[in-house]
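**Q** Taking the hints into account, I'd like the entire structure generated from these sequences.
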Amino acid sequence: MSPATHLTRHIGRAATVAMVGSLTVTLAACGGGSSSGGGAESGGVAAVVKGLDNPFFQTMESGIKDQASTADVPVTVQAANSITDTTGQGDKLNGLAGQDFKCFIVNPITGTNLIQGVASLSAKNVPIINIDSPIDEEAAKSANAKIATYIGTDNNDAGAKAAAQMGTLLPQGGKVALIGGTAGDVTSAARLDGFTSAKPANVTIISTVAADWERQQALTKATDIMTANPDLAGFFVANDDMGLGVAQAIANKGKTGQIRVISVDGNKDAFDAVKAGGIDAVVAQYPYVIGAMGVEACQAAIAGKTLPASVEAPVQVVTKANVDAALASAPKPAEAYDNPFTELNK
Amino acid sequence: MPPATSPRTDVTHVARSDTGDPLWRKVIEPSNLANWAAPIALVVLAIVFQALNPTFLSLGNVESMLSAASILIVLAVGQTFVVATAGIDLSIASAMTFAAVIFGAVFQFGLIAAILAAIAAGLAVGLVNGLLIARGRITDFIVTLGTLSAASGMALIVADGKPKTIISAPLLKLSTGTVWIFGYAFLLAVVLALVAHVVLFHTRFGTYVLATGGNTEAASATGVSTARIKTAVYVISGLTAGLAAVLLVARVGAAEPASNTSFLLNSVAAVVLGGVSLFGGKATIVGPVIGALLLTALVNGLTLLGVSQFYQPLSVGIVVVLAAFLTRFQK
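Those protein sequence lines, which keep their order, are chains U and Z. Residue numbering for the first sequence follows the numbering used here, starting at 652 and increasing by one per position. Residue numbering for the second sequence follows the numbering used here, starting at 320 and increasing by one per position.
Check the hints yourself; a few may be wrong.
[As the list claims (entries may be wrong)] Heads up, simulated PhoX-like pairs for lysine-lysine below, C-alpha to C-alpha not over 20 angstroms straight-line:
1) Lys-919(U) - Lys-971(U)
2) Lys-492(Z) - Lys-904(U)
3) Lys-971(U) - Lys-983(U)
4) Lys-919(U) - Lys-983(U)
5) Lys-919(U) - Lys-481(Z)
6) Lys-753(U) - Lys-956(U)
7) Lys-481(Z) - Lys-983(U)
8) Lys-906(U) - Lys-492(Z)
9) Lys-797(U) - Lys-753(U)
10) Lys-826(U) - Lys-904(U)
11) Lys-926(U) - Lys-906(U)
12) Lys-971(U) - Lys-926(U)
13) Lys-483(Z) - Lys-926(U)
14) Lys-716(U) - Lys-983(U)
15) Lys-956(U) - Lys-797(U)
16) Lys-919(U) - Lys-483(Z)
17) Lys-926(U) - Lys-983(U)
18) Lys-997(U) - Lys-956(U)
[Said to hold, decoys possible] Which chain U residues face chain Z? A few, computed with CB under 8 angstroms, are given here:
19) Val-860
20) Ala-861
21) Thr-878
The set of hints was computed from the structure by calculation and includes no laboratory data. From the three backbone atoms N, C-alpha and C, an ideal C-beta is built for every residue, glycine too.
**A** Shown next as structure tokens:
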């Protein structure tokens with residue numbers, strides 16, 4: 652779940668500040684405040700997403716709003732003040748839960764921070780669509796909360812797709828280095844693990860470093876790794892922003908095209924870099940589709956249809972060969988993907 | 320300008336040669352050890368890393384370490400002025416992020432305009448800090464904690480949460496051009512450090528800064544406008560944040576509202592490693608510069624050796640706390 656990417660980045664910030672003084676939580680809450688969405692229209696769909704302070708969730712929000720306006724469903728979107736605002740997000744859901752919405756889309760910051768609101772909605776039999784980050788199953792069970800469906804992407808699979816692509820790029824094999832997000836982060840670990848377990852036998856991982864989801868750190872560490880390993884053949888990078896930093900490091904050494912780079916997310920800048928040749932492949936996840944599918948799932952649930960327990964949002968590999976199509980169709984994927992809700996809503 | 324007399328300035332010079340003792344004896348003197356903590360640690364690290372991985376001291380690696388350290392050096396110099404007055408600037412990294420985003424917003428009007436705007440943005444954050452602390456009489460800790468949040472919020476607002484790619488040949492030259500093993504960015508940082516050294520030790524202003532940090536009441540009794548000095552040091556810190564923003568944009572080729580928190584911690588750590596007293600009145604510029612090099616070399620060496628990512632933050636923490644421990648023995 653790529654948003655956790657951003658989650659940890661901001662948690663990293665919070666943790667840093669917490670070292671200085673715990674007052675920050677209050678200050679950050681005062682500083683970031685932006686809940687978006689129209690007025691509280693009852694009878695429609697309510698969505699509570701993570702902080703709109705990064706592109707991933709902004710894209711997700713526009714997916715929700717576009718699908719809602721296409722389907723002519725009134726929608727209210729509320730977002731956490733920031734990606735670390737777990738209690739604030741809970742309060743927002745509780746506030747909406749008291750109103751007369753027919754369906755809820757939730758993207759919890761942690762597995763449990765929305766459990767109270769979700770439980771009270773379940774008690775009223777309001778369908779809940781869980782998108783992107785999963786609600787903890789144990790917690791949902793013990794709170795007696797029912798989740799109608801889960802829509803998200805598999806980060807392990809994204810890593811595996813990158814590994815397969817690395818195999819294509821390096822038919823002779825070679826040494827690769829892995830650049831992760833913050834050390835210990837779940838999303839980063841899932842992407843790196845997916846890569847590690849699916850890599851071809853002739854590709855060896857010689858180093859795994861953490862660059863805290865920051866472009867500058869990725870640049871510095873990639874430079875160091877290239878210095879230590881002059882025969883390095885490729886990098887797998889846990890998100891696009893860091894991928895751009897790695898591409899810059901390679902360009903600085905004049906080795907663009909010789910050392911391969913694959914990153915995960917699917918931002919426009921990364922697509923541009925694929926087109927220009929700095930990045931060789933991007934494993935794209937589609938927050939826009941996740942948001943839109945959430946609304947479609949709500950439409951089906953309101954109509955009383957039975958929803959599949961979980962739906963995989965599309966993950967696609969974008970290379971120079973298909974990058975033009977990817978750029979043209981962004982924020983939607985260029986290739987067709989499974990959407991069980993289209994059938995349900997017919 | 321001749322240095323004005325102050326009871327505290329004489330202790331600011333790391334190694335004075337007028338006592339006649341051999342240098343090594345002065346180095347191992349516990350009270351001097353704090354001042355020498357960063358250089359000693361740097362040498363020890365270099366020996367250890369070089370023994371474990373011969374690429375560590377290769378010219379290519381030294382060059383990339385120096386380039387990587389340049390942003391931190393610039394920030395550490397700014398932080399030093401603030402810490403010398405017994406203050407702290409927690410907003411320095413956020414001010415840099417804000418200035419970088421402003422750079423991105425103004426870049427369409429030309430490179431020079433963008434650079435000036437970035438520096439002005441950094442100065443503005445510094446001025447707000449300085450006025451609130453000196454005139455508003457609010458604790459530095461709280462003010463800069465507030466601007467930390469406010470500046471990163473402003474950065475997100477201006478950038479709309481999105482990074483902006485900056486393509487500029489002169490900036491690329493700044494980040495990749497070198498004179499032998501010294502990158503232009505590093506040379507810029509060194510020039511800034513030299514200017515800062517002259518300002519701190521060879522001007523009346525520098526003396527006032529140290530006097531304000533050493534004993535605010537005494538300084539103001541002798542006619543130093545401590546409020547003005549305190550405002551000025553935060554403005555200097557903001558200025559370095561603005562310059563660092565230009566280096567940052569040049570380095571990554573983008574203006575982005577990323578948190579960059581590691582720079583905040585590392586700027587304070589570099590200052591402490593450099594033997595600057597957090598209680599004010601006692602500072603050097605060379606110390607924090609070496610502190611910044613040490614922190615960069617530490618992470619570089621661990622990366623070269625392929626040390627697990629989990630051990631890197633631990634080792635940085637240990638080094639910082641050890642250095643802080645040494646400052647207990649300061650005179």
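**Q** Return the numbers of the hints above that this structure violates; sort them in rising order.
**A** none
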